[in-house]
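When we follow the numbering used here, the leftmost residue of the sequence shown carries the number 1, and every step to the right adds one.
One should not assume that every hint holds.
[As the list claims (entries may be wrong)] In silico lysine-lysine, DSS-like type, Cα no more than 27 Å apart, as pairs:
no., residue 1, residue 2
1, K5, K96
2, K62, K16
3, K62, K35
4, K96, K62
5, K62, K5
6, K16, K35
7, K5, K16
8, K251, K241
9, K35, K5
10, K96, K35
No wet-lab data here; the hints were simulated from the structure.
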Amino acid sequence: MFTGKTLVDGEWVFRKDCISRAGTLGAACQDSFSKRVTLVVHGELAGNVKDTDRGLSRKLLKVIESRRAGQHIHVVDAAGFSDLLFGAPARCRDLKMQGDQVTVLPEVGDGILGGPFDRLGLRNRRISQLEAHIFGRGTPRHERLLTSLVNQVAGRTHLEVRGPARRAPQFDLGWVDGPTAYGAWVASPESPNGEGLDPLEEAARQIGRSLRSIRSQTQLRPLMALDNSVDISSRLRQTAKSAGVHVSRIKDLPG
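Work the whole structure out from these sequences, hints included.
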């Protein structure tokens, strides 16, 4: 179900075209509520959009009522719908009542954190040569450390564990802890490169470069996660700090 036109990767798409695009992926769309509805795309509705006839709010009010009755209906925004069209998981939104209107308020990690963390999706992701060289992605050592990171973070029941949004920097694992959104890159380069540069320092710099695409108002604490046996030198800490990255052993990660 759609509430109106939706911004798909920068292009306004009207409801009938949204329905057509969703249909190509096997979705059955309808305009009225029933027990068959499992997903609502709220499209253009946001905190600064006036809903004069309350048509949009009425639909989302139905979602709130259904959730309270025990039938969870997923709600995604325009970015989430774009992600679904491209086969990526999307973040389910919380709804808030403001007077007699229903709106979707900003959440921690918007634009950075994607849908629920998916172990299988993480294992099957495409790995570029740069990622393999800088972070050691795809190697047995990296996989072992990644499993250790996932087990530690996923085991903390108070954390909201997420993967990266489709158009965000592609960290390994993200989570929300209170007002802070974290994105962690596991770094386990196999050996120093031929230029004599420290591979972990290069990994920290690469994370810093990937953060340049993030809008300045977006809040993210980037982390570089290392094996628990690594001796973190003062030089590495300084390099990471200069890149805007916090470096830590997996066992000492915040959150």
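State the violated hints by number, sorted upward, taking the hints as numbered earlier in the document. none
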